[in-house]
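Keeping their order, the protein sequence lines are chains X and F. Each residue of the first sequence is one higher than the last, beginning at 11 in this note's numbering. Each residue of the second sequence is one higher than the last, beginning at -10 in this note's numbering.
Take these hints with a grain of salt, some might be off.
What the hints assert, rightly or not - Derived lysine-lysine pairs resembling DSS-like cross-links, with alpha carbons at most 30 Å apart:
1) X:Lys509 / X:Lys291
2) X:Lys138 / X:Lys93
3) F:Lys315 / X:Lys291
4) F:Lys315 / X:Lys290
5) X:Lys408 / X:Lys396
Unchecked claim - Between beta-carbon pairs, the in silico distance windows are:
6) X:Gly411 / F:Ile124: 24 to 32 Å
7) F:Met16 / X:Gln414: 52 to 60 Å
8) X:Ala142 / F:Arg40: 44 to 52 Å
9) X:Asp294 / F:Lys315: 35 to 43 Å
10) X:Ala82 / F:Arg213: 25 to 33 Å
11) F:Ile124 / X:Pro327: 36 to 44 Å
12) X:Ile40 / F:Ile120: 30 to 38 Å
13) F:Ile300 / X:Ala384: 40 to 48 Å
14) F:Arg213 / X:Ala142: 25 to 33 Å
If you are wondering where the hints come from, they were derived from the structure by calculation, not from laboratory data. Everything numeric in this text was worked out from a predicted model, so none of it was measured. Glycine included, every Cβ here is placed at the ideal spot set by N, Cα and C.
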Amino acid sequence: MSADLLHAATDMATPTLEMRGIDKRFPGVIALENVDLVLQPGKVHALMGENGAGKSTLIKIMAGVYEKDAGAIRIQGREADIKSPRDSLRQGIKVVFQEIALISEFTVAENIFLEGYPTGRGGGIDWKKIRADSAALFKRIGFDVDPSARTGSLPVSQQQMVEIARALAHEAKVVVMDEPTSSLTPNEVALLFTVIRRLTTLGIAVVYVSHKLDEVFEIADTVTVLRDGRHISTRPIGEHTNETLIQDMIGRRIDNLFPRQRTAAGTKVALSVQGLSTAKKIRDVSFEARAGEVLGFFGLMGAGRTELAKAIVGYDPITAGTIAIDGSVLAPHDTRTGVRLGIGLLTEDRKTEGLMAELPVYQNTSLASLGTFARMGFIDTARERKAVQEYVDRFRIKTPGLFQQIKNLSGGNQQKVLISRWLMRGLKVIVVDEPTRGIDVGAKSEIFALIDRLAGEGLAVVMMTSEMPELLGLADRVAVMCEGRLTAIMSREDATQEKILNAAIG
Amino acid sequence: MSHTSMTAAPDKAESSFFARLLKRQEMALFLCLVLVIAFFSFTAENFLSVRNMTNVFGQASLALTAGIGCAIVFISGEVDISIGALLATIALPLILIMNGTESLVLGIGGALLFGLIIGIVNGYLTAYAGINSLIVTLGMMFILRGGVYLYTGQRAIPDDAALDSFIALSDGRLFGVIPYSAIIAFGLLLIFAYMMQHRPFGRQIYAVGGNPEVARLAGYDVRRVKFTCFIISSLLATVAGIILAARVGSAQHTAGLNFEFQVVAATVLGGVSLAGGIGSLTGMALGVLILQFLSNGLRGLGLPTEWQLVITGIIIIAAVAFDEAKRRRAIGG
Chain X
11 MSADLLHAAT DMATPTLEMR GIDKRFPGVI ALENVDLVLQ PGKVHALMGE NGAGKSTLIK
71 IMAGVYEKDA GAIRIQGREA DIKSPRDSLR QGIKVVFQEI ALISEFTVAE NIFLEGYPTG
131 RGGGIDWKKI RADSAALFKR IGFDVDPSAR TGSLPVSQQQ MVEIARALAH EAKVVVMDEP
191 TSSLTPNEVA LLFTVIRRLT TLGIAVVYVS HKLDEVFEIA DTVTVLRDGR HISTRPIGEH
251 TNETLIQDMI GRRIDNLFPR QRTAAGTKVA LSVQGLSTAK KIRDVSFEAR AGEVLGFFGL
311 MGAGRTELAK AIVGYDPITA GTIAIDGSVL APHDTRTGVR LGIGLLTEDR KTEGLMAELP
371 VYQNTSLASL GTFARMGFID TARERKAVQE YVDRFRIKTP GLFQQIKNLS GGNQQKVLIS
431 RWLMRGLKVI VVDEPTRGID VGAKSEIFAL IDRLAGEGLA VVMMTSEMPE LLGLADRVAV
491 MCEGRLTAIM SREDATQEKI LNAAIG
Chain F
-10 MSHTSMTAAP DKAESSFFAR LLKRQEMALF LCLVLVIAFF SFTAENFLSV RNMTNVFGQA
50 SLALTAGIGC AIVFISGEVD ISIGALLATI ALPLILIMNG TESLVLGIGG ALLFGLIIGI
110 VNGYLTAYAG INSLIVTLGM MFILRGGVYL YTGQRAIPDD AALDSFIALS DGRLFGVIPY
170 SAIIAFGLLL IFAYMMQHRP FGRQIYAVGG NPEVARLAGY DVRRVKFTCF IISSLLATVA
230 GIILAARVGS AQHTAGLNFE FQVVAATVLG GVSLAGGIGS LTGMALGVLI LQFLSNGLRG
290 LGLPTEWQLV ITGIIIIAAV AFDEAKRRRA IGG
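Whole structure, please, built from the sequences with the hints as guidance.
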């Protein structure tokens, strides 16, 4: 009671939502440490930070997806206990996640009312009201979509608008939007901003998670910046400039985690990409990667790093441009030729696209080069295991034996097995996508040393990353992407965090 | 896009009722059923007779009743194959209690209580302990079947009480025409079809099966929904078991053998997807009737049972392949 009074006295209005001293730990990682976030009614509060800064964790705690380890959440001055999405919804918190959270088999109208169906007499669902209210809601916000359309048949951008509309259908006190514009067209972004302004006139507190500076300057009243799981600053938007925001987001000095063993990079072009575009994201990207160098690609969420990686190894189809490996042209959408020509992808998503979790280490290593061990159609397993053992020794892969199932290895060692898989195949170019995602800090430097060594052995390494220290520590040259385009290429010497982030924000 | 929505009620508002009806997946099944009936009414003797028709509905009532539960569990994204063994097991408490007390109500009460317990165990192990439902219910199937073998010593336990009200469940007919068992089955079908399309809980089952993560974010208790589905399934199998016991007049260790697969076949034929979130009880019911009329007609033609099995198998694979092809086209376009 006295605490409530105190808040009422110190703050202008009672905050709609108050998060104080939030801690969240995951095994091996501190995701949030003593983070505060205070939301005022009718205001747009931007939440900013680099990838991994803790934005997502914080809003997932708000949404009841994660439980906080410590700290307090107060809603309109009252202590709130949020343990599940249901608790969160009951408190009037609506989170619109980046991933579409709609049932694709349901109609648009039904999805709008998924969180609570209006019922008539006897408890039956009032479908008429659902259709009519959705139609009225769409009309009110100027959103042109058929409420009876099957949700799965709509393009992703419209599905995202449906989600945002859903936040309006219920009594919400807080609406959280996580990177809401990542798949919207400019027109839809304008529509979204109109919707957000309408929300604020209703006294709803809006949290806007984004890394797009122009959007934040246009829509936000206040900005909170997180970095490495810590609260860095909360200021009115008027006190910020591009530079101060970027400064708050980066802030740290890069410490040299990993000693480079290599000397100079070679000059021979191993991979040449010209005018590459894909249907999904990539627009007119051209670059060359030389044997013996690490070419680092940096980009924020949704910049198109993974899409580029998949296109240049022939995994995804391309719509324009050429890819050449050592002068031989790689036919688009053809990983077989890709492997033959000597380009391999170390995927970001180890679990689903890289590992055969149940298979032993040796089979996972030799997977791409079984042909070289075959004799008259049978695999010479003795030779196969001998070759694998060489890699296990060479990279000091920590495994109880070649027959150990790979799922029992640590993330770092799994990654080494995957790298071995491609080296065994005799690669010239290796594309690594987020090589240290999900790998704990201790093992990271080992992966860095490994990548360093790959380049040292004369491979061209193309590294996709969203982590600044990784980029600056490893890359000989830095390429920056934004919205599917290449916005800058600079040498290691020229690259600074400010320059890179500026190019990444576009 | 061909409208593959099988979620009945929440469909096109503006298009006419009739146009909506034609677009529905169930329409194709209904036409299939009409075709099957038309074919056999010309080829098989006495097929169209009132007696034969009502017999088919009576025979279908077991699969129909248990099929409701099977379809609901499928829609929630799980499977339950313990229903056949449960069908046989349920006769034990039913007959033993009736023989001891001469009371139908107590017998049925005991049977339902037994079914409830099995449903709770299946549901708990699947939804809360996180064990794959195929494994749980496969195990339950063996346990129950083995238990019946052990208890009965492979001899039938006769219904000594022979209560009139109980016997009526087997051959009683409303106005001497419509079997009571069919009335029970269609009554339950109506109630649960209404629940699935028009009660929030029914829609929650669709949501949980369609995308559990989304359902959780929408504030649903995914585990509780799945748990409840298993209880519904066991209770409906219990009702089917009571009707079966009335028909055979005893508790038998071989009762309901392979029943679960007949029900699964009909449910899948009816367009209910094993992947969850897709299908309707109407579809399931049409699937049951198509297979029942088919088997009855083929028997009328004098075709041996072996051939009926082969034909049923072909039809099920063809129907699901057709569905899948349509779905892919819909997504691609």
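Right, here's what the structure says about each hint:
no. : hint                            : verdict
1   : X:Lys509 / X:Lys291             : holds, 23 Å
2   : X:Lys138 / X:Lys93              : violated, 34 Å
3   : F:Lys315 / X:Lys291             : holds, 29 Å
4   : F:Lys315 / X:Lys290             : holds, 25 Å
5   : X:Lys408 / X:Lys396             : holds, 16 Å
6   : X:Gly411 / F:Ile124: 24 to 32 Å : holds, 30 Å
7   : F:Met16 / X:Gln414: 52 to 60 Å  : holds, 55 Å
8   : X:Ala142 / F:Arg40: 44 to 52 Å  : holds, 49 Å
9   : X:Asp294 / F:Lys315: 35 to 43 Å : holds, 38 Å
10  : X:Ala82 / F:Arg213: 25 to 33 Å  : holds, 29 Å
11  : F:Ile124 / X:Pro327: 36 to 44 Å : holds, 40 Å
12  : X:Ile40 / F:Ile120: 30 to 38 Å  : holds, 34 Å
13  : F:Ile300 / X:Ala384: 40 to 48 Å : holds, 45 Å
14  : F:Arg213 / X:Ala142: 25 to 33 Å : holds, 31 Å
Checked against the numbered hints above, the structure breaks only hint 2 and satisfies the rest.
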